[in-house]
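Which chain is which? The protein sequence lines are A and B, in order.
Residues in the first sequence are numbered consecutively from 1, following my numbering.
Residues in the second sequence are numbered consecutively from 1, following my numbering.
These are calculated hints, taken from the structure and not from any lab test.
Don't take every hint at face value.
Which copy is meant is left open, because identical chains are indistinguishable; a pair holds if it fits in one copy or across any two.
[Unchecked claim] Straight-line Cα separation of at most 16 Å, EDC-like style, residue types lysine to aspartate or glutamate; simulated pairs:
id, residue 1, residue 2
1, K261, D485
2, K261, D335
3, K432, E27
4, K63, D285
5, K187, E397
6, K428, E468
7, K344, D7
8, K261, D337
9, K465, E158
Since this is a predicted model, take the numbers as computed values, not measurements.
Letter by letter, the chains look like this.
Protein chains: 2
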Amino acid sequence: MLGAMQDWTMRITHVIDAAARESGSREIVTRWADGSESRTDWAGIRADALKMAQALEALGVKKGDRIASLAMNHSRHLVSWYGVAGMGGVLHTVNPRLFDDQLEYIVNHAEDKVLLYDAAFQPIVDKMRERWTTIEHYVCYDPADGFDGLSFQSWIDEQDGDYTWVEGSERDPCMLCYTSGTTGNPKGVQYEHRSTVMHAMAGLQPSAFNFSGSSVMLPVVPMFHAASWGLPYAGAMAGIKFVFSAVNDPAVLHELMIREKVTDSAGVPTVWLAHFQYCDAEGIDLPPLSAATIGGSACPRFMIERLMKNGTRVQHAWGMTETSPIGTVGGPTYDWDELSFEEKVDKTAMQGRPIFGVELRTVDLDDNVTELPRDGKTSGTLQIRGPWIIRRYFKAETDACNNDGWFDTGDVGIIHPDGTLQLTDRTKDVIKSGGEWISSVELENAAVGCPGVAEAACVGMPHPKWDERPVLFVVKKPDEDVTADAVLDYLRPLIAKWWMPDAVEFVDDIPHTATGKISKKDLRDRFADYTLEG
Amino acid sequence: MLGAMQDWTMRITHVIDAAARESGSREIVTRWADGSESRTDWAGIRADALKMAQALEALGVKKGDRIASLAMNHSRHLVSWYGVAGMGGVLHTVNPRLFDDQLEYIVNHAEDKVLLYDAAFQPIVDKMRERWTTIEHYVCYDPADGFDGLSFQSWIDEQDGDYTWVEGSERDPCMLCYTSGTTGNPKGVQYEHRSTVMHAMAGLQPSAFNFSGSSVMLPVVPMFHAASWGLPYAGAMAGIKFVFSAVNDPAVLHELMIREKVTDSAGVPTVWLAHFQYCDAEGIDLPPLSAATIGGSACPRFMIERLMKNGTRVQHAWGMTETSPIGTVGGPTYDWDELSFEEKVDKTAMQGRPIFGVELRTVDLDDNVTELPRDGKTSGTLQIRGPWIIRRYFKAETDACNNDGWFDTGDVGIIHPDGTLQLTDRTKDVIKSGGEWISSVELENAAVGCPGVAEAACVGMPHPKWDERPVLFVVKKPDEDVTADAVLDYLRPLIAKWWMPDAVEFVDDIPHTATGKISKKDLRDRFADYTLEG
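Isolated chain A, as found in the complex (with noise of 0.2 Å):
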């Protein structure tokens, strides 16, 4: 009986090769680090990645071979996400931000043979160069005048284009991340054509990126994060137009959501944080976008309440770089119109809605088997099985998810009946208190209302009686005098009583991750020998 429909792999180049199709004209601008700018447009994006095949070719570079990103988000950078498929490659896009131990490490053990990088971060590669052992090509996006290094423009300028894109398996990789635990080494996730192609498709859907070819997008999330969400690949199925901006200036962000007339974004929320402080600075308006997918960390309330007050969307989201990323997306349900203004921002406050594809559930926090009920209130470990959720890390001998195809996300969560996802922790952060679970995560959101709180975060302290108890460190805004007392009665009409801290201690900061997260395993190795009496 097969063959009734038509054999067609799930490529990649399926993907570019109908943006420049279907909408070759939809622009693609760049704002670059020296504050130049460049239009392009998709057939413009697919013309280059052909190029650009070929030239790795040139290099010797072979399908299967892993070749390496260290850039900001630009059309180059795009050009190289279809140009590495397109060969049969795989793009590991590096993290700039990653400690020089984590850098070397993930570079070698990617065997990356071509490194592409931004004349920004020069100097990583000059101090990385002779750690990375198998790097054999180094090509820069973006050099200045009298640079003599390979310039990726006139690189791929001597091509001619006249290329076809290679075939194979649509099981072969694509594209390789490594996650930054906050221990050991970093792991590998390989994407690949099928799962990506898949994932861009359920991406494209009003109840989640919800992209046609009147959307204009300006992705502050990095190409380097995840894929970025996947917005390069579903973005190109839609034909949408793409401003890109390789620095994050919200000035310079600001200035182009307005002029391009940019309908969405998608970012971390530090990025609307600056963002408000911009425009609270300048005194003037939000930009009028559309929607704003936020995710990487849990939306602030005030947030949400300020962008919808805007009149823009907000797409909460939920994934990880093991997920390709997206898991849940936040959006209108279908009782929308019947909720208060107030109720709108709770459930948007959470993590929204698994996207066809994805399936969740919760299981028991103690013994990681028992199913939890989807009933809004129970809460558990987080677990995700589907066709663009992680099997293996690259290079790992066993598999990364059960038998059953449950990826442990390390995330604590309800489940509501109508399949809205809740955060509510990290399963090494949640704290145990007499039996009892607390959530470290909606203490601190609690405790950043409080005014004068400009950052707290909250650990899990040994406790002699209640095996552990929650305390609350907390960055004071510039020039404000909280006092404990005055976080403690902020936070007591609006948590349980067995919740509040046992002690809320003052620091001039709190440490974060290499993707802007607080780092409690940080906060916790500076707090080694901190005690709680019984």
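Got chain A; can you put chain B on it based on the hints?
Relative to the frame of chain A, chain B by itself:
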């Protein structure tokens, strides 16, 4: 490198599982033929589908067997879509409007084992029963009191629903639809699990059905027409609310649309024509739909204008049974806001743009090989390929497409630079006059705008000098007496001089096919002796 991401077989069972899990309480409303109504939800549809799968196995139905349905749109038909696919069967949705010989041919050719039918079609069953040689069991969906055969709901309610979906290849067949061509026997198009899942995922996007959980769809397109355009699958993926009506009386549809807060509908243009007439006769407004997907045949300009003025987005779509069926869908293009109302109507009157996965091209009408430019001017035979496009008809010995996958649609069209498809005719109806092509459809579309003209069909008639010349057959509106000269005067400013029909013939009626399209074959047969003088 395989296995970096999870194995996940694209089976339709994932679709109904996701709908029940994530949108279990989202309603499925049915207005039955007898005027009664029932309500279930996605959890209920899945529960019944599990029982139906058991009931089929209890009848001895095996994986790969064909199960026929002869039914309108309702929740039990929907249950059957998932119940049959869930036990590995193939649902053959039979068009009850086919002629007896066609009904006999397709059921026997499909070797259907079971027939599920509406009580309204009992006369067809009684008449055909002796001629259908393979059907072993008849099950009535909605029997009246006192019926002594198998009644669908009681039949499945004998099962406990404790069932595990049958697994298999994603290339297994799941549905069979016959095309009712105008010549030769109908041909069976077999949809696969994979093609169906991909087609449905693509259908969710804003440029196609634009489905999210808030969508409320009343599909007027019958479930026996090309998988109801894939709506029952895409709708399940997004967890939309469905409102089904087993009858197409505009008064019933109108009342349902208002009462159930329907946002979306889908159907052929004649459905809207009837709805317009109903609203005009009643002196009431059109229902406030957000969007109407219109396909099956070209949507007339006045219909587009009226719907757009009503605030309803017109998604003018093109497809065939052989294309699952979505090929192209119209909707706002990225320059939409810059267009005048007239320009928007012009654009919407075309057939829209291909959705990701589908590739179109036009080739020379004479040689059927030379690829034509996408210039918005040159018309040619439309060809299509992609993962949900037919390769081979059921039981055929040769492919329906060429070695590169190009399937000849039989349509004549123009592709515009922005990817928009504009259909101008059928290859067998286009008129060749003096070596140049005249579109019979464009002539008809122009002629129906003439006051007093109810319907028009244009056919090329043999001509001693020009090979063929257009003749226009016209049905007058009741009580209106339009003349041939009036029609020609009306046409003159609208079309090229050499396109002007050589004659206008008034007829009492124009023959139609079983799917409601003008049957030019029957018209040509009826006027086989017609002659034009040089």
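The hints, checked one at a time:
In this homomeric assembly, K261 and D485 never come within 16 Å of each other (Cα to Cα): the closest approach is 47 Å inside a single copy and 52 Å across copies. Proximity of K261 to D335 under the C-alpha cut-off of 16 Å is restricted to the inter-copy arrangement: shortest distance 12 Å between copies versus 30 Å within a copy. For the homomeric pair K432 and E27, neither the shortest alpha-carbon distance inside one copy (52 Å) nor that between copies (41 Å) is at most 16 Å. Neither within a single protomer nor between protomers do K63 and D285 lie at most 16 Å apart by alpha-carbon distance, with minima of 49 Å and 61 Å respectively.
Taking CA atoms no more than 16 Å apart as the test, K187 paired with E397 passes inside one copy only; the shortest distance there is 12 Å, against 50 Å between copies. In this assembly of identical chains, the alpha carbons of K428 and E468 lie at most 16 Å apart only when taken from the same copy (13 Å versus 80 Å across copies). When the C-alpha separation of K344 and D7 is checked against a cutoff of 16 Å, the pair qualifies neither within a copy, at 44 Å, nor between copies, at 37 Å. Proximity of K261 to D337 under the C-alpha cut-off of 16 Å is restricted to the inter-copy arrangement: shortest distance 12 Å between copies versus 27 Å within a copy.
Proximity of K465 to E158 under the C-alpha cut-off of 16 Å is found in neither arrangement, the shortest distances being 72 Å within a copy and 58 Å between copies.
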